[in-house]
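Work out the full structure: start from the sequences and follow the hints.
Each chain is listed here by its residues.
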Amino acid sequence: MIWRRALLLTLLTLTGLALETSLFGRASLAGTKPQLLLLATIALAISEGPELGATAGFTMGLATDLVLGLPKGVTALVYTALGYLAGMLRMQVLAPTAWLPIVMEAAAALLATLLYGAIAVLLGEAAAGGGALARHAALGALYNALLTPFVYPLVRALGGRFRPQRVYRA
Amino acid sequence: MIRLSDSKRRTRLLLALLLTASLVIITVDFRTEGDGVLDTIGRAAVTVLGPLQEGLRKIFRPVGSFFTGLGRVPSLQHKIELLERQNALLRSNQEQVGDVFRENASLRQLLAMRQRLDLRTLPSQVIGVTPSNFERSVFIDAGTRDGVRKGMPVVGGEGLVGRVIAAGASSAEVLLIVDRSSDVAGRLTPTGETGVVQGSGTDLRLELLNPYAKVAVGDQVVTAGYDQGVYPAGIPIGRVTRIPPGRQSLSKVVSVQPLVDFSSLDYVLVILGEAAKR
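Protein chains in written order, with the numbering used here: chain A, 1 to 170; chain B, 1 to 278.
Read the hints as simulated data drawn from the structure, not as lab findings.
FRET-style restraints, in silico, Cβ to Cβ: (1) B:Arg31 - A:Leu94: 38 to 48 Å; (2) B:Leu209 - A:Gly31: 30 to 40 Å; (3) B:Glu103 - A:Leu122: 41 to 51 Å; (4) A:Arg156 - B:Ala233: 48 to 58 Å.
For lysine to any residue, the following SDA-like pairs were computed, each having C-alpha atoms within a straight-line distance of at most 20 Å: (5) B:Lys8 - A:Leu89; (6) B:Lys150 - A:Pro71; (7) B:Lys58 - B:Ser264; (8) B:Lys8 - A:Pro164; (9) B:Lys150 - B:Leu119; (10) B:Lys8 - A:Gln92; (11) B:Lys150 - B:Leu272; (12) B:Lys8 - A:Met88; (13) B:Lys214 - B:Pro244; (14) B:Lys58 - A:Thr15; (15) B:Lys8 - A:Met91; (16) B:Lys150 - B:Asp39; (17) B:Lys150 - B:Arg120; (18) B:Lys150 - B:Val48; (19) B:Lys8 - A:Gly49; (20) B:Lys58 - B:Asn104; (21) B:Lys8 - A:Ile2; (22) B:Lys214 - B:Thr241; (23) B:Lys150 - A:Gly69; (24) B:Lys214 - B:Thr191; (25) B:Lys8 - A:Arg90; (26) B:Lys58 - A:Leu19; (27) B:Lys150 - B:Tyr267; (28) B:Lys8 - A:Arg163; (29) B:Lys150 - B:Ser124; (30) B:Lys8 - A:Val93; (31) B:Lys150 - B:Ser181; (32) B:Lys58 - A:Leu14; (33) B:Lys8 - A:Leu94.
Heads up, the beta-carbon is just placed ideally off N, CA and C, and yes, glycines get one too.
Shown next as structure tokens:
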């Protein structure tokens, strides 16, 4: 049932955005802030698959663009691609370890910052220089990796609770 | 029955749809330049999120301050011994009244600035900071309901803060002058030389129109306030901190330290317009 997924995405997006702009807006790691909505997107992709990963990426990315006054669609594009990729990669791993979500979240944060920077430059937006971009990407990856043990289990549990119930027909 | 290949095909189709939608949104946004339907939706979203941010800010402020403090530890190590001695004496009092004193000082400065400007202003509190690593902006607890509109200048007790870039009903987003996309017409107070003050992410740089302009470290920079400009004239912006040696060709660029400490911004004034006639 699609409304269960819609409810889950709305809940995670609103909570994530409010936390990003209040608590984590000030709690930076050497000047770099975490990407909570990307954390949630990748966590959903790992636990629920590439379909929800891509949908969550688009929803949360677009919400980020709209609320933060960023160039519209850029974060949506980046998060959609990463949500899908994370879901596909997870399906290839037969025996996942506890480190897998941490490594995937860190890699996704690193790629998201670099991709966003590259697209911003292509669109002629004022963006940080190469050195600052690499620094933000590395620190952002570290920050998201540190937050994964707290966020991933929570999002995975919510994903399971809001999973559509299958209807079997004779 | 849905076969595995059907499921894969459906996922790929969904991905293609979402990526195409993103690209269409990027194109539409690029063409409308901040005045399209997407920006209207964005402003509505800011309005919905405002009260939630306000509540969370109150709950999490001590936690946020703790994390911010962690980042400063390396540069403060040599002062630890001295501070520990002072702390033992002051801690009991300071913990109770420190916040009140800071707030009081900040509000006094804001009041002085308000009297000095002689403009219609609206006091407002900072309720959030953008989490983006590419943009320097803050959210304030005043919106269109209070008369705040896009483009209005915002000042703090020490000087210029920025301008409103999006306004919801009860909250608004303010682009800080240190943001890379911020341009402010500036003037050096001792000589009257004018130029453009641009943000560099953390500090400011002043590009003087006259390459032979006389400028010294410590000179104050204020808004130039041209007729068509966003900012009224005479609002303090910062002080010149560095003048690169050697001759520069078409213009002269100097480093400027903003007067406002953006890491601890609490209360601001939104300039609504000219002062009411008395």
